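Starting from the given sequences, assemble the full structure and let the hints guide the process.
Protein chains in written order, with the working numbering: chain A, 1 to 434; chain B, 1 to 144.
Treat the hints as calculated values from the structure; they're not laboratory data.
All of these numbers come straight from a predicted model, not from anything done at the bench.
Mixed in with the good hints, there may be bad ones.
[Said to hold, decoys possible] Below, simulated DSS-like cross-link-like pairs (lysine-lysine); rule was C-alpha separation at most 25 Å, straight line:
(1) Lys24/A x Lys310/A
(2) Lys425/A x Lys40/B
(3) Lys40/B x Lys90/B
(4) Lys281/A x Lys60/A
(5) Lys384/A x Lys54/B
(6) Lys415/A x Lys40/B
(7) Lys310/A x Lys231/A
(8) Lys83/B x Lys384/A
(9) Lys40/B x Lys430/A
(10) Lys69/B x Lys61/A
(11) Lys66/B x Lys54/B
(12) Lys129/B x Lys415/A
(13) Lys66/B x Lys200/A
(14) Lys66/B x Lys350/A
(15) Lys281/A x Lys350/A
(16) Lys30/A x Lys60/A
(17) Lys84/A x Lys54/A
(18) Lys152/A x Lys24/A
(19) Lys384/A x Lys56/B
(20) Lys415/A x Lys56/B
(21) Lys37/A x Lys54/A
(22) Lys40/B x Lys384/A
(23) Lys69/B x Lys384/A
(24) Lys311/A x Lys350/A
(25) Lys56/B x Lys396/A
(26) Lys415/A x Lys66/B
(27) Lys302/A x Lys60/A
(28) Lys152/A x Lys231/A
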Amino acid sequence: MGNYYQPEIETASREKILEIQNEKIVRQVKYVYDHVKYYRDLMDKQNVKPEDIKSVDDIKKLPFLSKDDLREAYPYGLLGTDLKNCVRIHSTSGTTGKRVVAFYTQNDIDMWEECCARAIVAAGGTSEDVCQVCYGYGLFTGGSGLHGGSHKVGCLTLPMSSGNTDRQIQFMMDLNATILCCTPSYAAYIGESLAERGYKPEDNKLKAGIFGAEPWTEEMRQTIEKSLGIKAFDIYGLTETSGPGVSYECEEQTGLHINEDHFYAEIIDPETHEVLPDGEKGELVFTSLDKEGFPLLRYRTKDICVLTRKKCSCGRTHVKMSKPMGRTDDMMIIRGVNVFPSQIEAVLLKEGYTPNYQIEVDRVNNTDTFDIYVEFSPEMFSDKVAEIQHRERDLKNAMRSMLGIGPDIHLVAPKSIERSEGKAKRVVDKRKLH
Amino acid sequence: MAITQLSAFLENRPGMLCDALSAITGAGVNIRALSVADTKDFGILRIIVSDPEKTKEVLGDDIIVKETKVVAVRMDDRSGALKGVLEILKDAGVNIEYVYAFTGGSKGNSYVVLRVDDTDQAESILAQKEVKTFNDEDLLDYLA
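Here is the structure:
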């Protein structure tokens with residue numbers, strides 16, 4: 001048996017969970033219908049009224065929301081309450097440059113932080129622990145989510161944010177950090193850096209790590225666990241629903257328990273939109289059950305997963321999702337940041353380049369590399385090296401301000417990017433993530 | 001005055017320079033002067049040739065070629081000759097982007113190609129100081 005943050009709900013009977021969900025969904029749908037015109041219009045168009053939703057079984061009658069809807073409704077179209085009731089905004093990149101902006105009331109923040117607290121406790125966290133948070137703080141949800149969760153558990157929180165590995169290691173060693181929260185690739189990098197400095201895995205006081213915001217494999221888990229001498233737990237979430245903590249791993253490490261009292265999960269066939277039974281692979285769809293600032297009903301995550309309600313040895317009764325097995329769209333997650341090829345294309349066109357490009361992503365020493373090869377046009381060519389390097393730098397900066405991370409730009413000769421059937425292959429992802 | 005320089009974009013992989021040069025010489029064009037600037041991803045080939053039009057024609061399909069006017073100066077082949085030219089430009093505040101030298105033609109002369117921010121200004125200042133610069137035709141004559 002494991003440790004729980006809120007045992008009464010985490011280990012509630014399936015009947016109890018269903019009862020909570022049924023009660024909440026009726027309220028949430030009515031709330032959304034009353035407050036969010038964008039979604040009310042979608043429901044009206046589909047001839048669904050709030051009264052038609054009497055239990056979670058009726059969720060299938062509701063219209064879907066996608067990232068396109070979020071773009072269309074940007075920035076306030078899906079807001080669920082007056083701005084004066086909201087206390088925070090987080091944001092993530094959208095498909096074509098428009099960012100996704102999510103609003104949080106204090107209740108939303110509390111709910112989200114409780115979800116993160118459950119994840120920390122499931123990883124063995126208590127008020128005795130020193131929790132080092134090296135997810136990025138700011139618009140990105142990673143830092144704030146785990147930070148808030150760590151406070152709720154009562155851990156001594158080290159709000160490190162990302163980067164500056166020397167300082168991370170100094171604090172980790174000097175202040176005896178016991179729990180590490182960051183992206184799995186950064187955890188692996190810290191493991192290597194410790195070894196380079198002559199530390200053995202048993203030299204640190206870490207016991208657990210909570211790693212998310214990007215896909216990772218079992219092999220990577222083993223590498224991290226060995227190099228840091230810890231148990232490594234996955235955590236999943238997205239800004240649209242709240243942030244990390246929508247689901248999290250327990251000590252069984254065989255899937256992520258979804259916080260079902262706050263998020264109702266469905267798996268659908270991405271083509272037919274039919275709801276699939278447990279055990280079948282399909283697109284993960286979330287319906288928030290008690291959100292105020294940014295309530296989303298039937299939001300299509302585009303992550304491909306499997307759900308299971310098999311009994312878990314940890315004692316938790318909440319449904320488990322597999323690690324995401326892929327995407328239904330072309331979104332890449334590079335160094336924890338969502339990147340769409342369409343964003344890159346938009347920058348190239350805006351900066352006067354041809355849309356002939358290739359993105360190459362790889363993982364070298366557990367860190368993502370991100371290279372963009374762009375075909376030169378004759379007008380851009382110069383006999384002066386400085387002028388061309390200046391162009392590369394400008395393009396890199398434009399990419400960074402759009403994407404949040406800076407790719408390495410390589411200008412190549414016209415017509416030199418490989419085309420198959422006349423169409424260039426846009427993305428070469430050499431990482432083995434799934 | 002000023003002479004025509006062609007610059008060509010070369011990807012940084014084996015054989016690129018060789019292929020470009022064999023296309024040029026294959027068309028019967030003579031290369032008078034050459035320099036290559038290299039970066040991590042690509043090189044820029046800069047050449048003075050006997051027939052710029054023909055060169056553009058043979059390279060043009062596969063390689064980006066750009067035409068630029070540059071200043072060509074003839075100097076005595078002796079120590080300090082280039083320094084004298086550079087001092088004139090320095091005093092006039094002309095900025096030099098890059099420079100390369102070559103020898104040839106009549107004995108005892110060397111030539112230098114100067115890419116400057118203002119070609120016309122550089123030429124008129126050099127003319128005032130009686131430094132010989134060339135245009136395309138007389139460079140051909142001198143180097144014949």
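**Prompt:** Which of the stated hints cannot be reconciled with the structure, identified by number in ascending sequence?
**Reply:** The structure conflicts with hints 3, 10, 12, 13, 15, 17, 24 and 25, although it agrees with all the remaining ones.
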